[in-house]
Every structure is written in C-alpha cells, then in structure tokens.
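Now for the letters of each chain:
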Amino acid sequence: MYRYDEFDHTIVQERVDQFRDQVSRRVSGELTEEEFRPLRLMNGLYLQLHAYMLRVAIPYGTLSSKQIRMLAHIARRYDRGYGHFTTRQNIQYNWPKLEDVPDLLADLASVEMHAIQTSGNCIRNVTADAYAGVADDELEDSRIYAEIIRQWSTLHPEFSFLPRKFKIAVSGAPTDRAAVRFHDIGLQMRQNIRGEVGFEVLVGGGQGRTPIIAETIRDFLPKQDLLSYLEAILRVYNMLGRRDNIYKARIKILVKETGRDKFAALVEEEWNRIRGGALDLHKDEINRIRSYFAPPLYELTPEPDTDYQIARRADRDFDRWCASNVVSNKQPGYGIVNISLKPAGMAPGDATADQMDVLADLAETYSFDELRVTHKQNIVLGHVRLVGLHALWQQLDAAGLATANIGLASDIIACPGLDYCNLANARSIPVAQRISERFANPDQLARIGALRINISGCINACGHHHVGDIGILGVDRRGEEFYQITLGGDPTENVAIGEVIGPAFSYDDVVDAVETIIATYETIRTIDETFAQTWRRVGVTPFKEKLYGPARH
Amino acid sequence: MSKKTEQIFDTKVVTANMLLGGNVVYMATGSSWDEKLANALIIKNDDALTRLNKVAQEAVTSGIVVGPYAIAVKIGFAGPQPLSKREQIRATGPTIRADYSEQAVPNV
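Protein chains in written order, with the numbering used here: chain L, 41 to 593; chain X, -15 to 92.
There's no promise every hint is true.
What the hints assert, rightly or not - One side only, chain L facing chain X, incomplete, derived with CB under 8 Å: (1) V67; (2) H90; (3) Y92; (4) K137; (5) L138; (6) D265; (7) A387; (8) L458; (9) G519; (10) E520; (11) E521.
To be verified - Mimicking BS3-like on lysine-lysine, the simulated pairs with C-alpha atoms at most 30 Å apart in a straight line are: (12) K69/X <-> K38/X; (13) K20/X <-> K584/L; (14) K137/L <-> K69/X; (15) K137/L <-> K28/X.
In case anyone wonders, no lab produced these hints; they're calculated from the structure. Glycine is no exception: its CB is placed at the ideal position from the N, C-alpha and C atoms.
So here's chain X without its partners, still in its complex pose (with noise of 0.2 Å):
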C-alpha cells in the first residue's frame, strides 16, 4: 500500500497530572486514571482520541486532573511506551537515583 494513502495514526495514551497529588497518570478504562502506564487506554484512531479529549477535559473540570494531553506511543510486549525521552521520564520517574521514582516510593 502506497503510503501516500495509508491513514498513518500515531498510537497514542491521555496523560495529565492529579490535581491533589500532582502525580502522573494514565486515562484507563471507565473513565478513570491510573498511575500505571501499562493500564493506559490505547487510542488508535482520530475518533478515539477526540472522545477521551473530551473525558479528560471533563475531569479537568470536575477538579480530578490537571493539564491533560496526548502522547504518542509504540506497543511492545510490556505494553505501550512513550516514543519521547521526557514521557519516557515522565513515567518511570528522575533517572538520576532508583529511590527517587514513583514507583520506588508510591504515594508516600
């Protein structure tokens, strides 16, 4: 197929930041938000993603979330992962020392 004519969409996944905590987190299924990435709704489509936009805003405005927007992710065996080094960072926490990332210390 011609690439000219292929629809190519970026698989992607909604992140934002709690609004109490400041933590990251996932859009997951049922509307709710998920520190882990690997629970992430995967969003293949255009239509998908203005959809979850939309529930994301609205947790913006119901005081849940802070900041919600798209990343672009590739799906590998451990599920997806961000293509940016700064997502990469921003889900699995400062590379400089394993005691300071999320996971090591979960909402302490």
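So here's chain L without its partners, still in its complex pose (with noise of 0.2 Å):
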C-alpha cells in the first residue's frame, strides 16, 4: 500500500489546522454561511436533510487495517455507530457534528486519510479496479497510476476551480470493473503492438441527467506521458467548459458539443506544447509508487487445497459462498474474496463499527493486511489462501458479512436517497431493502444469475441506474415518489445505456414490477443465458407487454 511521504504528511496536516481555525471562526460569526459553505464543501462536509454528511477518500478504494479501524472508532465516537460505503470506493457519515469534524479529520490524518477534494469543482477521488493487483487478466495494477493522478492532482492549483467536478477512473484489465467509459476521463490499459503498456484514453462519460459513453480519443497513450495528457485534457476543459450553467457544466457536454475529433485536436495541440517537460513520468518515479503496491509474499508453494475442497462438498452454503463471492487471484493458491455489504433488507453499503473491526481484523489474519471497497459498494479482501477459506467465511457468517449474493439479484447498487440526501426526490435504499428481501432466497438468486439492480433516488444518477440491467430512477410527482424503471443498462466493456421502459410506478408498486421482470426474463430465457444476454436477443417488447399489456395497433 501507498504510505504518506512528508509532503503528504504537510498538505493533510495542515488541511486540518485551516478547517479547525475556518470552524472556529464560523462559530464566532467571523464567517458568514455563505463564506463558510464552499469551505466546509472543500473539505468533504455536506448538510444534508437530517444532519451534516462527511464523506471521505478513499483513494482508489484501498485500505489497511488500521485504516478501517479508524473509519470504526469515526463512526462509533462521531457518528451513529455505522458507515456508508459509496459507488466512488469512498465512506460517508451521515450524523456529524460540525463541532466535532475537526477533531474527526485529525484522527482521520493521524491513519493517512482526508475528506480533501470529496466535493467541490475539483478533481475528485480517482477510482481504480477493485481487483486491481489481483485479477488474472490484468496487464497492471491500476492503482500504481491512480496514485500518481492522485499525487498530481492533489491541490492542483489550476484544477480546483472546474467549471464542475471531474471524475477519472483507471482500468488495468480488458474486463471493465470500474466503470471507465462512464468517467470524465476512463484510462483503459492497452498493449500496443510493440508490447508496451500504455492507455486508450477516453473522455466525456458520465450518468446523471446526461448520460454518455466516453469517446476515446486516444487510441494508446505512453505512460511516461500520462500526466502531461491529462493535464492537457483538465487545461482545454477548464479553458472551454461552460460555467453559465450547472447542468452543462461537465465535460462530457464539453465533448459532445465541441465533437470528439475537434475535442481531440484542441488536446493534442496543448499537449504538444506541454510534453516532455516537468509532467514527463520517468520509470524511476513510475517503479518507485510501483514498489508501494508490490505483491504481498504468497505462499509460493501453496499447501494443497483439499480441505477447502472437502469442506464446500460438506457444506452447502459454504459452496454457494464460494461460487458467488471468490473469484480466482492470479496467484495459484489464493482467491479474490468478496463481501457483500447487502444482506437481504439492509441498506446497501452500510457497514457498522463492530463489522468494520471484524473486517479489519480479518484483513490481518487472511488477506496481508488489505481491503479494497468496490464501487458496487461491497469489500474485497484480495489475497486469501484457499486453504483459509473456510474459516474466513465462518468468522465473516458470525458476523453477518457472509451473504452469497456478489452480482446476483441482491446485490444492489443504492444511493442515499430521500432517506438522507437533500437532492433526492425519492427513496432508493427502501426500494433495495424490499427487493433484496424479496428475491432472498439463495436457489432463487443462483437460479435467476448475473443480474445488475441499480437505484438512484433523483437524475444525478449517484445509484448508476443508467447502468444497471434494471436501472430504477426515483422522481417526485406532485410530492409523491415514483419510479421509472430502465432495461438493458452495462457499466463494463459492453457498454450501453438502460432504456426507459414505459411510465413510472408508484412506491408500493415498484417491487412488483421488478419481479415481473424477472420473471419475464426467467420465462424466456434460453439455458444459461444472463438476464443481459436476454436483453440484448429479445429487446424491449416482451417486458413491456408484461408490465403494461399488449401494445395497441
């Protein structure tokens, strides 16, 4: 893992020391709120419906155990005893005391954590693949990059006021698990044909209101040139990107109507004249962060895996954990284990201080001392022994983390919604809690398979509904919440955007139109086909004929 230098070390320190003298002195009346707010904003702090919301980074989604022991103490001595793990691998608490957030950011910096740039017009948390270092399809770890666009971009001077936030995702693998082609800029890992590794760049993607797949304009970008490109790409934006209104603020309007190829050029242009100055990337620099994310030491020659074998033919549930939750680590011997954060009626993402403590704790025992959060809003813990399995799983069960439901019908993606968020209009986390309840049955959920259920309660889309198999967007008629439901939506390589299926339900009904989806596609699917799959041979006709009878000719 990445340890602060001292640079690190000043920057967060002294973040800490401005925000406690920024508290203080909007306490005796010396700030207004209005100078206030974009003050506390900078520093992660949000007022929300009920209470203030601090959300903090978590870069790239990866954590020590201590850090997470932190997050536990936080959200036992500062908050209601529980956490929200979000879809930008970050945490957020929703019961702070403004009081009391300069004492929680110290203890915060005391782990090597912030809530620095988690809001604001800046460059936010850069995610990577949850599997990153792991995967066995991976050409490198993403975070080695993620933390040098993290380093660069830490108080850019020039980048802190964008005409809207910018979101960067970096993929090391050709299978798409952090959502690339939906990001500001997505940086895809490619070889070219001399096989070098370097980037397919891609810009102007995102949900919200707008949703758009990213263009590349960039086909294979160099490492060594990768800050000096994205500098260039922040630099045209920031020039170009409109400010006279919000919702056509972000870059992928930018890029749409600039066009990608003239998009492209603009960048280009700047680039040529900014390239191989200070923003070059050495190896020296690239193998120095590149050492923070070695490999753990693996057991290089792994005991036999015949007691992991024996006990998940002696225990069903454990066999099913397995199938659903472990996905193979390239190293032979070990596996990628995946706790889901959405047991059937909980909200999706919340962990409690015990849970955090039993993660942190395990992390140690069995996984090198590492967890990642994933933007689907579950824990990774990436290096685990086959052979330690089970006793992993044993201690995960006793403490409500074993669910078997990773990418099955449970596994929903949920933003706070009207429950907590001053933006919603809507409920997403009750609607999850319903479905997941609904649809909690194990031989159900492996019966029905990969199935992507994603809940946003307003169109800023932070529960990624556009990108879900059934994508469910919460919206506010006359004070009364409904829900418009989409199909077909995919965050990965596969890229698609969900199409509106007809008129919006109402809060009682939702769940029963999701289940008559289901049950629609269970009908016509053929053997082993995925619910996406199903979509893409049959199209839209025969759900909407099950929701809303026949169409009229």
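Two chains, two separate frames, one set of hints: put the complex together.
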C-alpha cells in the first residue's frame, strides 16, 4: 500500500489546522454561512436533510486494517455506529456534528486519510479496478497510476475551480470493473503492437441527467506521457467548459458540443506544447510508486487445497458463497474474496463499526492487512489463501457478512436517496431493502443469475441506474414518490445506457414491477443465458407487454 | 364562497438545521428553535410568514441555524404534519431503520 511521504503528511495536517480555524471563525460569526459553505465543501462536509454528512476519501478504494479500524472508531465516536460505502469507493458518515469535525479530521490524518477533494468542482477521488493487482486478466496494477494521478491532482492550483466536478477511473484489465466509460476521463490500459503497456484515453463519459458513453480520443498513450496528457485535457476543459449552466458544465457536454475529433485535436495541440517537460513520468518514478503496490509475500508452494474442496462439498452454504463471492487470484492457491454489504433487508453499502473492526481483523489474518472498497459498495479481500477460506467464511458469517449474492439480484447499488440526501426526489434504500427481501432465497438468486439492479433517488444518478440491467430512478410527482424503470444498461466493456421501459410505478408497486421483469426473463431466457444476454436478444417488447399489457395497434 | 375570491394560504411552519449540530429544527415560540415539529409555530397568513422569515434570517446571521425555509403543513390531531414526503422524512428521520432516526437517538 502507498504510505504518505512528508509532503502528504504536511498537506493533510495543514488542512486539518485550517479547517479547525475556519470552523471556529464560523462559530464566532467571523465567517458568514455564504463564506463558510465553500470551505466546508472543500473538506467533504455537506449539509443533508437531517444532519451534516462527511465524505471521506479512500483513494482507489484501498485501505489497511489500521485505517478501517479508524473508520470504525469514527463511526462510534462521532457518528451513530455505522458508515456508508459509496459508488466512488469512499465512505460517508451521516451524522457528524460541525463542532466535532476538526477532531474527526485529525483522527483521520493520524492514519493517512482525509476528506480533501471529496466535494466541489475539482478532481475527485480517483477510482480503480477493485481487483487491481490480483486479477488474472490485468496488464498492470491500475492503482500505481491512480496513485500517481492522486498526487498530481491533489490541490492542483490550476484545477481547483473547474467548471464542474471531475472524475477519473483507471482499469488495468480488459474486463472493465471500474466503469471507465462512464467517467469524465477513463483510462483503459492497453498493449501496443510493440508489446508496450500504455493507456487508451476515453473522455466525456458520465451518468447524471445526460448519460453519455465516453469516447476514445487516443488509442494508445505511453505511460510516461500520462500526466502531461491529463493536464492537456483538463486545461482544454477548464478553458472551454461551460460555467453559465450547471447542467451543461461537465466535460461530457463540452466533448459532445465540440465534437470528439475537434476536442481531441485541441487536447493534442495543448499536449504537444507541454509534453516532455516537468510532467514527464520517468521509469524510476513509476517504479518508486509501483514498489508500494508490490505483491505481498505469497506462499509460493501453496498447501494442497484439499481441505477447501472437502469443505465445499460438505457445506452447501459455504459452497454457494464460494461460487458467488470468490474469484481466482492470479496467484495459484489464492482467491479474491468479495464481502457483500448487501444482506437481505439492509441498506446497501452500510457497515457497522463492529463489522468494520471484524473486517480489519480478518484482513490482517487472511489478506496481508489490505482491503478494497468496490464501486458496487462491497468490500474485497484480495489475497486470501484457499486453505483458509472456510475459516474466514465462518467468521464473516458470525458478523453478518457472509451473504452469498455478489453480482446477483440482491447485490443492489443504491444511493442514499430521500432518506438522507438533500437533492433526492424519492427514497432508494427502502426500495433496495424490499427487493433484496423479495429475492432473499439463495436458490432463487442462483437460478436468476447475474443481474445488476441499480437505484438512484434522483436524476443525478449516484445509484448508477443508467447502467443497471434493471435501473430504477426515483422521481417526484406532486410530492409523491414514483419510480421510472430502465432496462439494458451495462457499465462494462459491453457498455450500454438503459432504455426507459414505460410509465413510472408508485413506491408500493415498483417491487412488483421488478419481480414481473425478472419473471419474464426467466420465462424467455435460454439455458444459461444472463439477463443482459436475454435483453440483447429480445429487446424491450416482452418486458413491456408483461408490465403494461400488449401494445395497441 | 367562491374560490376565486378566497385568499388561500397553505398553513406553514419554518424549519432549518442547527449550525453546530446540523439537526433539524422548527421555529417555536419566543424565536426559539425546537427539534419537535409538534412545538412549531403555525403560520396562517402572509404577514406572519414575513415576520418569521425575518426572525429566521436573524438566527442565521447570529450563527444559530442554517438555511431556514417555510414548509407547508396540515394540522391534524397530532399537530402539524408536513405535506411533502421530503419534509415528512426530515421530521421523523430515515425510514430505513428505526434506530437511525433522530427521535431514537436524540443528541448523541
């Protein structure tokens, strides 16, 4: 894992001191609310429906046991004993008090964490493949480059007041687990014909009220040019991005209005002006950062995994959990363990302080002291020996963390929605809770197979509804909650934006509608076909007819 | 009486969040702020609304509350009830777990 150097420590500590001073000036009345608001937002502190909300950055989702223990401590001491892991691989606390936040940030700084750039019109927390460094299909660990981008973008003076927020994702594998095509900049590692590894650069993707799939502006960017090229993109956006209309301020609108080719030309022009300068990434620097992400000391002669095989045969629940939650690590004898934060009937992405402590202990014992937060709001232990898997599962089970549903119907992405969020029009979490209760039977879940149900409580799409196989968008109709359903979205390399299926459903009816869609799929699927495959084969008509009756001709 | 000539005024209360705690409050008697909606001052006409908005702005200036605004309520047996779902949830806390609500964990 990356460890702070003296610069990181200084930046974070100075920010804690500054914010302490700003809070005290606000409380004394020296700062008005108008003056204070942008300052608190720069430190990730929002005012939501019931209370302040603090968003803490987890760079590319990676945490040590010590860090997640601190997150547990913060949940207990400053909040209500739980935290909410987000689709940006961060954690949010829903109940901190303004007066406590300086101490909270000081506690975070003691474990090399902060809330800088988790809000505001700046470059936000860089996200990466949650399987980085352990996936058997990757070219390189994407976190090396996510960390390099983090260092470059942290307090970057030129990019602190962009037209709008800016999100970057990095994937080192052809299987896209980081939704790079739905980011302002998506970096997809590629190999050129000479076998060199670099990046395909995609720009202008995003969800929100105008969902757009990112377009490639460069097929292959050598690693050494990564930062100068990013700087060129940001500079063009900063100069030309719209500041007159918040809904048209994201780079996706600029790319769309300018046209991909022209936008790419503008970037290349700026890049040619600045490349080869101070932003050049030298091999030594890449290797220095790479060393922080070196593979752990795996057991090179793994013990035979007979015990693990026996346990799978003997214990049906364990076998089911292995099938849905564990994938192979590139290191033989090891697995990547996905820990679901989506037990039936619970809020997706929530973890209690006690559960976070359990996760810290288990990461220490079973996974070289390291955890990852996924953009699907789950937790990953990347380096677990198969021989220890049964013992790990038993301990997870005891902590309510052994739900076997990764990638299945109850593994729902949901934003905080109207239960917490100031922007929301409708509740998300209770809809997710009701769906996960409806589909709680493990046999039923397995039969349905891979299914992404994503729920957003408003058009800002924090719950990624545009890219769900089944997307649910909460809308307000004269003070009442309604839910519009989209089908066929896909955040991966098979990228697609979901299609609106018809009129919205009421809060009471939306879960039945989801059940009807799933039942329709089960009726018309061919053997082993996933929902996405069935959708691509049959399109909207059968689903529409089941939901709304046959179309009138 | 014809609706055209009747002055219709939706009954309102003024709400805000406390600056220090961030908790939801309602303007109550004597320019105080109360966590209980039942204790909120009921606003029945434009004059009262103007007056209380002014009091609320003073509370912002003096650093007591943040972002005050008026919400429409109906008056029932249990006192004022917000008309919108948003304000119902603000008044009673998240609907997802009883122990997450303000009422369940007052001023922890």
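Determine which of the earlier numbered hints do not hold for this structure and return their numbers in increasing order. 6, 13, 15
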